[in-house]
Amino acid sequence: PPTVLYAEMPPVEIVDMRQELRAGNRSILSRSLQAELVSTFQAGEQAILFLNRRGTSTFVMCRDCGHVVQCDGCDVPLTYHERVNVLVCHHCNKRYPIPDTCPECNSKRIKYFGSGTQRLEELVQEFAPRARILRWDADTTGHKGSHEAIMTKFAAHEADILVGTQMIAKGLDLPMVTLVGAIAADTGLFLPDFRSGERTFQLLTQVAGRAGRSERGGRVVIQTYRPDHYAIQAAAQHDFHAFYQREIAFRREHRYPPIRRLAKLVYWDKKLEKAQIACADMAAVLKHRVEQMGLPGEMVDILGPAPAFFARYRGNYRWQILLRAPDPAEVLRGIPIPFGWRVDVDPMSLL
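Residues in the sequence shown are numbered consecutively from 1, following my numbering.
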C-alpha cells in the first residue's frame, strides 16, 4: 500500500502529452492544465507553473511513443553532439548514429527537445491575457533582493500565476495557491546521470506540496511524455516506498551507488588532443592499479575515457573517467594526480 506521510495530499493528474499531440494540441500546455488555469483564475486563486530547466542539453525523443534514445550498456540517455553529428554516451563513450526513425515504434517523428521559462511565460500570457504573471528563474533573480521582491509580490496576490524553475520547488507556503502544474515533468529523466530518477521524484514531490496548503485544497497536474515511468507514478501517488523499490533494483542491476561507489576524474585543458591523451594515460594507470590489487573484474569498472557532459567549459575541453568500485579511494591511493585533474570521490552529480 502507498506510504502516507501527510494527513492529506492534493490529488494529482498525470497528463500524457503524446495523447495531447494525437488530439491536435501542439501547445506545451495540455487541455487539462488550460482548463484548470481558467478555473483557478476565475475563482480568484493562484497557480504555480514549474518547468525544470536542469536539462540544459538536447536529448532525442520520439514524439509518438515517448522513447528516448539510450546507451544499450549504461541505460542512460544519449547526448547529441552537433559538431560531429552523433549520439554519445557520456559514461562509456560509445557512439551511435542519429536515428532516422524511432528504434521502438519506427515513427519518423524524432525531435530534439529543449524549453525555457521565458517561452512558457509568453505562452501563458497569450492564453490568459488578463492574468498577471511573474517569472522566477536565474534570469529574473540576478540582483540583490530580487528573490524577496518576487515572493512578496506573489504572496500579496499582485500576480495570479508564478512561472519558475526548481527555485520554486520548496519553501513556499502560500494559502491562495490551489493549482500546481509541472510542465515538462520528465525533463530530468533524460540527463545522463544515474540519479535522474531520484531527482525527478524528489522535485515532483516537492512541487506537488506547494498546492493545497490551506482549507481551500488544491490540484496538481503533471505533464509528461513518460507517464508510465516509475518516478512519475510514485511522485503522483506520494509513494516513497514504491519509488525506493524500483530505484534500488535499477541501481543493483547496474552497480550504481549505494551498491558500488564512484569516483569521477575530470581532466581540463585548452587543447582537445591533450585532454584525450591525458585521459587515456590515466585509464591505463587505473587498469594497472586494479590488476596489482588483484581485484576481480566484476568488482571494478573503469568507464571511459569519454567527453564530460559539459565537454567544453570556459575555453577548456573536459574529458573524464568514471571509476566504479567498492572503495574507489583505495584504488586511487598512491596514484600521482598531475596538474589539470579534478577528482571527486562519491560525486553528487555525474554531469
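The set of hints was computed from the structure by calculation and includes no laboratory data. All values derive from a computational prediction rather than experimental measurement. Don't take every hint at face value.
[Unchecked claim] Straight-line alpha carbon distances no greater than 25 Å define the calculated DSS-like cross-link-like pairs of lysine-lysine that follow: (1) Lys94 to Lys111; (2) Lys287 to Lys94; (3) Lys153 to Lys271; (4) Lys274 to Lys287.
Structure-based check of all given hints:
1. Lys94 to Lys111: Holds. Lys94 to Lys111 sits at ~21 Å (cutoff 25 Å).
2. Lys287 to Lys94: It holds: about 19 Å lies between the C-alpha atoms, which stays within 25 Å.
3. Lys153 to Lys271: 48 Å, violated
4. Lys274 to Lys287: 20 Å, holds
In summary, the structure is inconsistent with hint 3 from the numbered list given earlier, while agreeing with all the others.
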